[in-house]
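Trainee: Could you build all of it, start to finish, from the sequences and the hints given here?
Now for the letters of each chain:
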Amino acid sequence: MNTLKNTFREIWRYPSAVIGVTMVLLLVLVSIYAVIKIPYNQAIYLWRGGEDVWGANPKFAPPSWFNFFSTQKQPLSFVANTTDGTMNKKVTLGAQNTNTINISYSFDYQADGYPQDVLINFTSKYAQKQPFVSINWVAPDGSNTRIDNLGIGQQQTVRFSQDQQFQQSLNGEDPIQTLFNDPKTNKVMKGKYQVQIVGITFEQGSDINAEFIVQGQVYGLAGTDQYRRDLMVALLWGAPVALAFGLLASIGTLFTTMIIAAIGTWYGGWVDALIQRITEVNLVLPYLAILIMVGTFYSHSIWVILGVTIVLNIFTGSIKSYRAIFMQVKESMYIEAARSYGASDARIIFTYLIPRMIPLLIPGLVSSVPSFVFLESTLAILGLGDPVLPTWGKIIDDAFTNGALYKGYYYWIMEPAILLMVTGLGFAMLGFALDRIFNPRLRDI
Amino acid sequence: MPQNNKLLRIEELVLHFNTTHGPVQAVDGVNFELASNRAVVILGESGCGKSSLAKAILRLLPRNAGKYSGRVYLDGRDVMLLTDEEFRQDIRWASISMVPQAAMNALNPVIRVGEQVAEPAIVHLGVDKKEALSLVRKMFQHVGVPDDFISRYPFELSGGMRQRVAIAMALVTSPILIILDEPTSALDVLTQANIFNVLKRLKKELGISFILITHDIATSSELADDVAIMYAGQIVEVSDAYRFFDKPLHPYSQKLMASVPRLHGTKEPEFITGRPPSLIDLPKGCRFADRCPARFEKCVEDPPVVEKDERKVKCWLYS
Amino acid sequence: MVAPVKTKDVEKDKRKVLLSITDLHVWFELRRFGFSNAGHVKAVDGVTFDVHQGETIAVVGESGCGKSSLMKTILALYKPTTGKVVFEDLDLAELDGKGLHTYHSLVGYVQQDPYGALPPFMNVRKILEEPLIVNGVKSKEERDQRIRKSMEEVKLTPVEDFLEKFPHMLSGGQQQRVVIARAMIMGPKFLVADEPVSMLDASVRVEILKLLRGLQETHNLSVIYITHDLSTVSYFSERIFVMYAGNLVEKANVRQVLDHPLHPYTMALLTGTSEPDARNAETFKELPPGEPPSLVNPPTGCRFHPRCSKAIQGLCEVKEPPDFEPEPGHLVACWLYQ
Numbered sequence: 000m001n002t003l004k005n006t007f008r009e010i011w012r013y014p015s016a017v018i019g020v021t022m023v024l025l026l027v028l029v030s031i032y033a034v035i036k037i038p039y040n041q042a043i044y045l046w047r048g049g050e051d052v053w054g055a056n057p058k059f060a061p062p063s064w065f066n067f068f069s070t071q072k073q074p075l076s077f078v079a080n081t082t083d084g085t086m087n088k089k090v091t092l093g094a095q096n097t098n099t100i101n102i103s104y105s106f107d108y109q110a111d112g113y114p115q116d117v118l119i120n121f122t123s124k125y126a127q128k129q130p131f132v133s134i135n136w137v138a139p140d141g142s143n144t145r146i147d148n149l150g151i152g153q154q155q156t157v158r159f160s161q162d163q164q165f166q167q168s169l170n171g172e173d174p175i176q177t178l179f180n181d182p183k184t185n186k187v188m189k190g191k192y193q194v195q196i197v198g199i200t201f202e203q204g205s206d207i208n209a210e211f212i213v214q215g216q217v218y219g220l221a222g223t224d225q226y227r228r229d230l231m232v233a234l235l236w237g238a239p240v241a242l243a244f245g246l247l248a249s250i251g252t253l254f255t256t257m258i259i260a261a262i263g264t265w266y267g268g269w270v271d272a273l274i275q276r277i278t279e280v281n282l283v284l285p286y287l288a289i290l291i292m293v294g295t296f297y298s299h300s301i302w303v304i305l306g307v308t309i310v311l312n313i314f315t316g317s318i319k320s321y322r323a324i325f326m327q328v329k330e331s332m333y334i335e336a337a338r339s340y341g342a343s344d345a346r347i348i349f350t351y352l353i354p355r356m357i358p359l360l361i362p363g364l365v366s367s368v369p370s371f372v373f374l375e376s377t378l379a380i381l382g383l384g385d386p387v388l389p390t391w392g393k394i395i396d397d398a399f400t401n402g403a404l405y406k407g408y409y410y411w412i413m414e415p416a417i418l419l420m421v422t423g424l425g426f427a428m429l430g431f432a433l434d435r436i437f438n439p440r441l442r443d444i
Numbered sequence: 000m001p002q003n004n005k006l007l008r009i010e011e012l013v014l015h016f017n018t019t020h021g022p023v024q025a026v027d028g029v030n031f032e033l034a035s036n037r038a039v040v041i042l043g044e045s046g047c048g049k050s051s052l053a054k055a056i057l058r059l060l061p062r063n064a065g066k067y068s069g070r071v072y073l074d075g076r077d078v079m080l081l082t083d084e085e086f087r088q089d090i091r092w093a094s095i096s097m098v099p100q101a102a103m104n105a106l107n108p109v110i111r112v113g114e115q116v117a118e119p120a121i122v123h124l125g126v127d128k129k130e131a132l133s134l135v136r137k138m139f140q141h142v143g144v145p146d147d148f149i150s151r152y153p154f155e156l157s158g159g160m161r162q163r164v165a166i167a168m169a170l171v172t173s174p175i176l177i178i179l180d181e182p183t184s185a186l187d188v189l190t191q192a193n194i195f196n197v198l199k200r201l202k203k204e205l206g207i208s209f210i211l212i213t214h215d216i217a218t219s220s221e222l223a224d225d226v227a228i229m230y231a232g233q234i235v236e237v238s239d240a241y242r243f244f245d246k247p248l249h250p251y252s253q254k255l256m257a258s259v260p261r262l263h264g265t266k267e268p269e270f271i272t273g274r275p276p277s278l279i280d281l282p283k284g285c286r287f288a289d290r291c292p293a294r295f296e297k298c299v300e301d302p303p304v305v306e307k308d309e310r311k312v313k314c315w316l317y318s
Numbered sequence: 000m001v002a003p004v005k006t007k008d009v010e011k012d013k014r015k016v017l018l019s020i021t022d023l024h025v026w027f028e029l030r031r032f033g034f035s036n037a038g039h040v041k042a043v044d045g046v047t048f049d050v051h052q053g054e055t056i057a058v059v060g061e062s063g064c065g066k067s068s069l070m071k072t073i074l075a076l077y078k079p080t081t082g083k084v085v086f087e088d089l090d091l092a093e094l095d096g097k098g099l100h101t102y103h104s105l106v107g108y109v110q111q112d113p114y115g116a117l118p119p120f121m122n123v124r125k126i127l128e129e130p131l132i133v134n135g136v137k138s139k140e141e142r143d144q145r146i147r148k149s150m151e152e153v154k155l156t157p158v159e160d161f162l163e164k165f166p167h168m169l170s171g172g173q174q175q176r177v178v179i180a181r182a183m184i185m186g187p188k189f190l191v192a193d194e195p196v197s198m199l200d201a202s203v204r205v206e207i208l209k210l211l212r213g214l215q216e217t218h219n220l221s222v223i224y225i226t227h228d229l230s231t232v233s234y235f236s237e238r239i240f241v242m243y244a245g246n247l248v249e250k251a252n253v254r255q256v257l258d259h260p261l262h263p264y265t266m267a268l269l270t271g272t273s274e275p276d277a278r279n280a281e282t283f284k285e286l287p288p289g290e291p292p293s294l295v296n297p298p299t300g301c302r303f304h305p306r307c308s309k310a311i312q313g314l315c316e317v318k319e320p321p322d323f324e325p326e327p328g329h330l331v332a333c334w335l336y337q
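Residue numbers (numbering that gives the first Met the number 0), protein chains in the order written: chain E, 0 to 444; chain S, 0 to 318; chain D, 0 to 337.
Don't read these hints as lab results, they were simulated from the structure.
Some hints could be false.
Computed list of lysine to any residue pairs in SDA-like fashion (alpha-carbon distance at most 25 angstroms, straight line) [what the hints assert, rightly or not]:
(1) D:154 x D:141
(2) E:329 x D:78
(3) S:5 x S:57
(4) E:329 x D:141
(5) D:137 x E:349
Mentor: Right under this line is the structure:
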């Protein structure tokens with residue numbers, strides 16, 4: 000419509016509006032990107048997590064770009080594998096089906112900090128006799144440390160930080176630190192490290208495969224949480240969830256409220272009185288408390304919460320302000336003209352009253368989106384969020400539960416918080432600018 | 000400059016407004032004079048710039064005011080040279096006051112009528128409240144509002160009464176000139192006639208001069224001693240009322256007079272084809288040319304103002 | 000050219016009576032604080048007249064005289080409190096939904112404020128289409144055709160230029176033409192025009208009035224022309240009804256009223272109407288004192304008596320005068336003519 004074009008032109012005149020539009024557009028783009036890059040099912044799968052999904056990641060790791068800002072460069076995680084050839088594997092056949100498998104991997108370690116942990120995941124194939132492995136660690140200064148020797152099952156993980164045999168060989172010192180430490184300077188020894196695994200199989204067809212994981216201290220663009228999940232998944236996916244929730248709740252409440260206000264105002268009498276009384280009762284109800292009740296006793300599903308939010312929000316105070324505007328519009332001459340050429344009540348409400356109102360309501364619509372977004376986060380923080388869906392509120396909730404502020408994992412809270420703020424600001428600024436644009440027309444009522 | 004007892008003399012007054020579509024040349028070189036105790040009516044249709052003329056005289060400029068120049072001699076003194084503060088203290092409401100358009104709707108609904116009328120007196124004359132209220136009572140007498148209305152609120156008064164209150168507000172500081180912008184356009188016939196009776200009485204008894212701005216030709220004759228016709232930001236004819244209403248000179252004036260319906264008329268009223276030009280996009284040459292039945296080749300140039308027997312016309316037909 | 004409206008001699012008026020109003024009262028309840036009944040606004044309080052096919056009647060009165068309520072009752076926007084309003088054979092008080100719907104398509108309404116009368120968010124095409132859709136014209140081609148014809152009739156040509164425009168893009172005169180086109184589009188039998196030109200510029204008023212007159216002649220419409228400006232009635236009406244405080248105080252031909260008004264109020268209205276004459280500036284007008292009365296508590300007897308210089312003591316404030324007919328076709332509700 001013509002007004003749409005004019006609106007866009009006018010938005011350009013307000014710097015705050017331009018910023019707001021940019022922020023909202025960015026959010027939309029991020030949402031689209033998130034949904035395309037990580038389809039819904041995959042997102043749920045990733046978020047459910049588990050060792051097999053996130054095992055390679057450190058826990059509570061800040062984002063890797065923190066390294067830009069610190070003098071102490073923290074290590075990133077990395078993985079090497081015998082199955083894809085990143086680790087060397089040599090099988091030496093021996094007598095009586097006893098084979099020796101030599102697996103080794105070298106890497107250059109240049110970080111200033113110690114890794115969080117080192118693990119080796121063994122998978123072996125055998126019928127009855129377990130293979131046997133021994134693990135050695137070669138430091139750049141040539142020192143060779145025996146980590147462990149053990150028989151391994153079909154799936155076995157050796158976690159250096161928890162390996163009993165290794166710990167016994169130390170004198171209460173931190174295992175990982177010892178592995179990477181330079182005893183002279185007491186700092187990380189940089190250089191070429193090597194892990195050597197010698198495995199022995201006792202049967203024909205028996206095989207050993209290893210996966211070597213060094214869990215760094217920083218990870219990715221957003222860091223990780225207590226389940227080692229990459230926070231980017233949740234941050235990215237939080238955008239479409241927030242937008243969808245905010246917009247759906249906003250639009251849903253707007254339209255239903257508007258129609259009800261229009262009907263009440265037009266018919267007057269007991270219809271109007273009834274609607275007003277319902278509204279007044281509804282205004283008094285503590286709706287956060289009700290949502291908490293619904294969440295606790297009924298379901299955490301985000302659709303249920305969305306539905307209840309909309310229902311509770313239909314008979315809000317906005318009905319009264321819409322009613323005020325409708326009452327003015329109702330007295331317009333063109334409404335009288337419509338009655339005089341025989342337009343029915345329904346037609347007047349939908350073809351004349353409501354289209355007149357829509358431009359006036361758009362600023363309110365835009366400004367109410369953030370409140371719904373925050374509502375969803377609030378519920379998540381209170382523990383009522385959808386457990387399956389990765390949302391910003393959920394991140395904050397997890398952070399809270401794990402004492403992030405106390406332990407100094409500020410990134411964990413800051414990232415979703417900043418995103419929430421940006422959403423709120425973007426919509427609010429856009430809403431305020433739209434208000435200023437549409438407001439002159441209020442005089443035309 | 001010799002004023003030869005002219006109360007007000009306006010020379011080349013210009014006021015343009017800046018808008019997103021370009022400058023609106025609302026007042027574009029206006030010249031006229033007004034002697035003491037006389038009333039001049041500025042007649043024109045909507046969009047000719049007459050309300051802006053009132054604002055230009057009183058320096059009530061909106062935020063988007065652009066070019067503002069010219070000379071306004073009040074009793075020999077060029078008030079355009081005064082600073083804003085001097086103007087506010089000496090001229091606005093002290094010497095010249097105004098009854099704006101729809102003044103009766105502009106009264107503050109939560110303040111009693113008497114207090115509102117007293118306010119200009121308190122501000123400009125520096126009198127205390129008691130003296131101001133006695134002034135109010137005097138003014139109410141002049142305009143025909145009963146005394147007990149002083150303590151009433153605007154919504155308790157009818158439209159005609161409110162307009163009289165607005166006139167009283169313009170009177171209370173005893174100005175020498177009052178500008179009235181469409182004082183009766185929203186009022187009924189009898190109320191309108193009553194208001195003009197009031198204005199006539201004020202002119203006679205208090206010796207005030209008036210500038211009446213309106214589009215209603217018939218009612219303008221109730222007060223006019225002189226007539227000035229405004230079209231597209233310019234004054235195209237100035238004349239005394241008798242000769243104007245009898246025989247207007249400018250083709251536009253003639254067509255305006257011919258368009259007035261009469262109670263006892265025998266001639267069918269005419270209408271003017273076309274529309275006035277937009278004040279943003281003014282044509283070169285005579286601004287009325289494209290609607291003028293007497294147009295000829297010279298009209299592509301801006302016509303001069305010709306003076307004939309103390310009547311002025313801006314038209315090539317008379318040069 | 001002479002005043003072009005041919006006055007039909009009322010006695011020999013053979014034209015069919017289109018609208019017949021008998022002793023109409025339209026009262027509105029006053030509600031204070033939503034509970035108690037604090038009286039009534041007696042907007043229309045005993046009005047009787049007939050409108051013939053093809054006749055134009057001017058209803059003249061000041062604000063607060065009840066002419067708007069009278070007009071809205073004729074338009075079936077209000078229901079009569081008592082009295083009859085009969086259009087052809089339909090009694091307006093008894094119309095139900097369907098009957099009302101039919102009636103609405105027979106009456107056109109031209110409003111005062113052209114900009115307010117047009118929905119600002121619809122373009123001209125949609126505005127004109129609305130009455131057609133509402134009244135069941137289903138075929139799009141027929142609608143387009145009727146819209147085109149309507150616009151040509153009001154001289155909004157070339158039609159294509161105007162169809163897509165929105166009201167704020169049109170001048171006052173053009174907006175009013177759209178309002179008239181909308182009123183005419185269903186082919187009504189009569190028009191109610193409420194001050195159709197009072198918000199337009201002087202030079203445009205004449206154009207619109209001529210247009211209305213042309214339409215009236217072409218379609219043999221009846222027109223009820225409501226105005227407070229007496230100077231326009233001689234161009235556009237046959238009969239004038241003067242309304243004061245809910246009553247019709249004088250009913251006559253245009254020339255009878257303008258040349259020799261009988262009711263003191265009519266005389267006052269004529270005195271108050273100005274003509275462009277420089278001598279006006281030197282004379283004071285003789286006007287009745289006071290203001291029109293409140294319609295909640297009108298004066299007893301003749302409602303004009305508190306302001307009337309010719310009031311007869313003991314009569315005018317006691318009894319309401321009936322209609323007298325001092326000359327044929329000229330009815331006055333005034334005790335001076337008994």
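Trainee: All hints, please: hold or fail.
Mentor: Hint-by-hint comparison with the structure:
1. Proposed proximity of residue 154 (chain D) and residue 141 (chain D) is supported: the alpha carbons are some 20 angstroms apart, at most 25 angstroms.
2. Using a Cα cut-off of 25 angstroms, the hinted pair residue 329 (chain E) and residue 78 (chain D) holds, with the two alpha carbons roughly 19 angstroms apart.
3. A C-alpha spacing of about 18 angstroms is found between residue 5 (chain S) and residue 57 (chain S), which places the hinted pair at or below 25 angstroms, so the restraint holds.
4. For the hint linking residue 329 (chain E) to residue 141 (chain D), the alpha-carbon distance of about 31 angstroms lies beyond 25 angstroms, and the restraint is violated.
5. Of the supplied pair hints, the one linking residue 137 (chain D) and residue 349 (chain E) holds, its CA atoms being roughly 19 angstroms apart against a limit of 25 angstroms.
Of the hints listed earlier, the one the structure fails to meet is number 4.
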